[in-house]
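Novice: Remember, this note's numbering sits 46 above the position in the sequence shown when you count from 1.
Since the hints were derived computationally from the structure, they do not count as laboratory data.
This one's a predicted model, so the numbers in the text were calculated from it and none came from an experiment.
Glycine residues also receive a C-beta, built at the ideal position from the N, C-alpha and C atoms.
A couple of the hints might just be wrong.
[As the list claims (entries may be wrong)] Simulated DEER-style distance windows between Cβ atoms:
#1 Ser71 / Gly185: 38 to 46 Å
#2 Leu125 / Asn69: 18 to 26 Å
#3 Val178 / Arg275: 48 to 56 Å
#4 Ala298 / Glu74: 29 to 37 Å
#5 Ala103 / Gly278: 17 to 25 Å
#6 Met72 / Thr270: 24 to 32 Å
#7 Gly126 / Lys148: 36 to 44 Å
#8 Gly180 / Thr151: 17 to 25 Å
[Claimed, not checked] The calculated DSS-like cross-link candidates involving lysine-lysine, where the alpha carbons are at most 30 Å apart (straight line), are:
#9 Lys144 / Lys52
#10 Lys52 / Lys148
#11 Lys146 / Lys52
#12 Lys52 / Lys153
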Amino acid sequence: MSDALKPAEIFERSAEEGERRLNQSMLELLSTGFIAGFTIVFGIIALGIVEALAEPALGELAGLLGALAFGIGVPFLILGRAELFSENFFDPIAAAFKLKLKGVTRKILRLWVFTLVLNLVGGGVLVLVLSVEGALPAGAHEVLDRAAEEIAHRRSLATFMRGIVGGALVALLSFLVIASRDSTGRIILAYITGVLLALGPFEHGVVTMLHLAFGFMFDASVTTADIARVSGISILGNLLGGVGLVTMSHAAQARGAD
47 MSDALKPAEI FERSAEEGER RLNQSMLELL STGFIAGFTI VFGIIALGIV
97 EALAEPALGE LAGLLGALAF GIGVPFLILG RAELFSENFF DPIAAAFKLK
147 LKGVTRKILR LWVFTLVLNL VGGGVLVLVL SVEGALPAGA HEVLDRAAEE
197 IAHRRSLATF MRGIVGGALV ALLSFLVIAS RDSTGRIILA YITGVLLALG
247 PFEHGVVTML HLAFGFMFDA SVTTADIARV SGISILGNLL GGVGLVTMSH
297 AAQARGAD
């Protein structure tokens, strides 16, 4: 398409957005991370509710409907300008490549650490609220229990590989959101990404931890050691997929097109 942005132009705009994120005030950074944390929980509970309602009639196909329901949480994030931890891979790294920012490594680490912590705090608040008996419709907590146990007991290598894919998907979404010229396109891209993440299911560090938190609160077979192990592996996989696979590839593409 003649009006489509060129890869170098997309990368340039991503760098500008990355600079904005890196230079956020502490209040903006903390509040944005907090909002993103509880926002994505709406996608998790939508998955649990829809899958529980569909399971008696559809059996395993209920998982597909659950994934379609989870997808709504990601457009909420994109349009609300809230940011999960792994959404801050592509744009800030693009800024580090394109712009001469003083103390960029420190700024990236600051962004990642505070976003991750506030994502978990914000999501954890809503998990606590919805863990009260009767807060969710009948059957939803059983679905969330099962999902948490599957995540907790999956082989570490499989978790790592799913983490790579999850990180790559979210980083690719960051690139495509900049490439898209209208809100409708961004909503569609965000929704598709959310559905793919849930269909895998592919690991996303924050979403994975919040899934496990639900299981832990509902007395599923999930321990704090499981949460620590799976979270660490997922985040490492996200970094490899999001930064190493997608971001570096697009950086090379943009540089080659200059």
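Novice: Indicate, hint by hint, whether the structure satisfies it.
Specialist: Taking the hints in turn, this is what the structure says about them:
1. Ser71 / Gly185: 38 to 46 Å: Holds: the Cβ-Cβ distance is about 43 Å, inside 38 to 46 Å.
2. Leu125 / Asn69: 18 to 26 Å: holds (22 Å)
3. Val178 / Arg275: 48 to 56 Å: violated (28 Å)
4. Ala298 / Glu74: 29 to 37 Å: holds (31 Å)
5. Ala103 / Gly278: 17 to 25 Å: violated (39 Å)
6. Met72 / Thr270: 24 to 32 Å: holds (29 Å)
7. Gly126 / Lys148: 36 to 44 Å: violated (30 Å)
8. Gly180 / Thr151: 17 to 25 Å: Check failed, 48 Å falls outside 17 to 25 Å.
9. Lys144 / Lys52: Roughly 16 Å separates the two Cα atoms, so the pair holds.
10. Lys52 / Lys148: holds (28 Å)
11. Lys146 / Lys52: holds (22 Å)
12. Lys52 / Lys153: holds (28 Å)
Checked against the numbered hints above, the structure violates hints 3, 5, 7 and 8; every other hint is satisfied.
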